[in-house]
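The primary structure of each chain is shown beneath.
Protein chains: 2
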Amino acid sequence: MGTVTFPVVGMVGGGQLARMTHEAGIPLGIKFKLLSDTAQDSAAQVAGEVVVGDYRDLGTLRRFAQGCDVITFDHEHVPTEHLRALEADGIPVRPGPDALLHAQDKGVMRARLSELGVPAPRNRLVSDPDDVAAFAREGATGGADGFPVVLKTVRGGYDGKGVWVVRGADDPNASEPFKAGVGVLAEEKVDFARELAANVVRSPHGQAVAYPVVESIQVDGVCDTVIAPAPGLDPDTSVRAQELALRIAHELGVVGHLAVELFETADGEVLVNELAMRPHNSGHWTQDGAVTSQFANHVRAVLDLPLGDPRCRAPWTVMANVLGGDYPDMYPAYLHCMARDPQLKIHMYGKDVKPGRKVGHVNVYGDALADVRERAAHAAGYLRGTITE
Amino acid sequence: MGTVTFPVVGMVGGGQLARMTHEAGIPLGIKFKLLSDTAQDSAAQVAGEVVVGDYRDLGTLRRFAQGCDVITFDHEHVPTEHLRALEADGIPVRPGPDALLHAQDKGVMRARLSELGVPAPRNRLVSDPDDVAAFAREGATGGADGFPVVLKTVRGGYDGKGVWVVRGADDPNASEPFKAGVGVLAEEKVDFARELAANVVRSPHGQAVAYPVVESIQVDGVCDTVIAPAPGLDPDTSVRAQELALRIAHELGVVGHLAVELFETADGEVLVNELAMRPHNSGHWTQDGAVTSQFANHVRAVLDLPLGDPRCRAPWTVMANVLGGDYPDMYPAYLHCMARDPQLKIHMYGKDVKPGRKVGHVNVYGDALADVRERAAHAAGYLRGTITE
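Chains as they are written, first to last, in this note's numbering: chain A, 1 to 389; chain B, 1 to 389.
Calculated directly from the structure, the hints in this document are not laboratory data. Heads up, the beta-carbon is just placed ideally off N, CA and C, and yes, glycines get one too. Treat each hint with caution, since some may be false.
[What the hints assert, rightly or not] Here chain A is said to cover these stretches of chain B; the calculated rule only asks that three of the stretch's residues, wherever they fall, bring their Cβ under 8 Å from a Cβ of chain A:
1. 18-32
2. 35-49
3. 331-342
4. 345-351
Could you put together the complete structure from these sequences and hints?
Right, here's the structure in full:
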């Protein structure tokens, strides 16, 4: 027997993104090694090689990285200096620390996108509530006072957490974000028509693929539904959004999946809202709706393998998130959901149900958008317990 | 928190069928527990909960079954009496021992299918080489002598092993099968036009789904290519084959996936060749070519969940097996294969390469059969090393 070179992909973080990345890696015959906070984490339940440990500890990371051919991530929380240390040890880290910083720190991201001339909401770092009022005044036009203003802590936010809307100078939200002791970014509150996501995958070689641009519908700051492709999207806007995402991936040196969350304004302009450098909720539809899923392409990218076809397999695919409701056990709901819709694709994460927590999603594809949306919404609602027939 | 009822599926056997069943079970949020001969087996590399032990030992099986909600199988080798013992312990075994016996013992299978009036090659158990000659004479018509005759050991054969073709009374193959010390079945050698497979999945409730009938092309007794659906198959023959498989599943009380391997004769008759009660090589195309894969439906069936839609997602899907060749390392071949065909679906099993061993398969789907076949054959040949451009 000669040498066998099937690589070991090490993934930091045991959440559902790692769970689904492992699932997508199984057909490739690669080895998957997980660094997880606990043995009960979503991905740790189903992966073969699991190291339980704290990703904030460099020694733990270094021991985990031994024997890995590449390190990638379920989340963006690994300290930059630790990633640089792993790189200095000779371990490829993908995406690398210089790219990942833009997904870790919204201030750095905004500054860099401004340099690149990428369309974005007006924004700058602010130092205190008075500075928030000054930021509002800078944006005041005509009779308007520049409010509302959106404040975000530059680190640590997700799913609407770490985000405040300030409706006037006296709004207590103007002081709230400064209590966390991290930088605060102010942004104009864009009066957008809808939210889109342009998702791309890029390899170290520089090969890149762009998924169809999708519409993302948020409820209470949490992604509720994703429609692929975005209905009625102007083809020029679609191409512009894809080119924007490809350009950001290139300029920032992203390796792996990059989600570019966008606001579409009433006049068809697209503004960058957020970046994520990992598989992303707005790409879950690809598991059943695209030729190659975001998870499979993320694995291929971090291994510098040629990327797979990102195109749609069906005219419409709708993803609906399953949030925790009042019922701790969703399994009995499978009977109704599967019997009602034999084409339904359920993706559960093995997580304990907590109200509002993302514990799974469903994908439905088909020819008629209204039908596909209804089926996805019904299944997600039934699993959550908000629909009972 | 109330009780959470997501079940534990225990699978006996660590081969690629278990590997791909685990992969298909991840989205359902179920727990998967594996009994594997070694920690290096195909499925053991990727599954979360692995017990290493010998399935021939009842004590091992009993300990494994503790905490499992149902036991199912990667292979048909677990002794019937052990399965009955597990059932007596209150563990659901699916398929159950009475059904599984027909996939374990070709003599039992042939006798039962005869009772049911299922079309089959002429056959009977034979006791020695003289009896083989007698069996041939019983089938002699006109000037023919009744040879060739096919001999099979009733247990233990697979992929052409345990099968002999006897071309005349003096052929040494007439005595060879009797050396194994197990029963020997004689069958007429059917002059078939091609081989088909009718695959169905049945739940304990009695719900069943039938996959499109496929053509299976064997090379040297090993499955080489599967085409879904079988090209040019007469619609009446297709329905007849599906009904036959559904009837066998019902009459034998099969739970889970049942593969019915068929001979199609020149005049459109279908004769049952073999049965397998587990996911089967002739169903691997469903991973990428059907709405619901055989693996997902097998899991749903053994859990008595409603079954998923078995229909095709593309006009044509072709599966080509990847056999071991002279190169022990197939990973470098990914570069060419993935770059040449961004829609190619590779499924590798994590197995050491040995010449002729099934170590993976590829699936390709599309609108034009010739194109799809060429792409699948090219990828499988390139991975094996028989095609080098």
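Checked hints:
no. : hint    : in the structure
1   : 18-32   : holds (count 10)
2   : 35-49   : holds (count 5)
3   : 331-342 : holds (count 7)
4   : 345-351 : holds (count 6)
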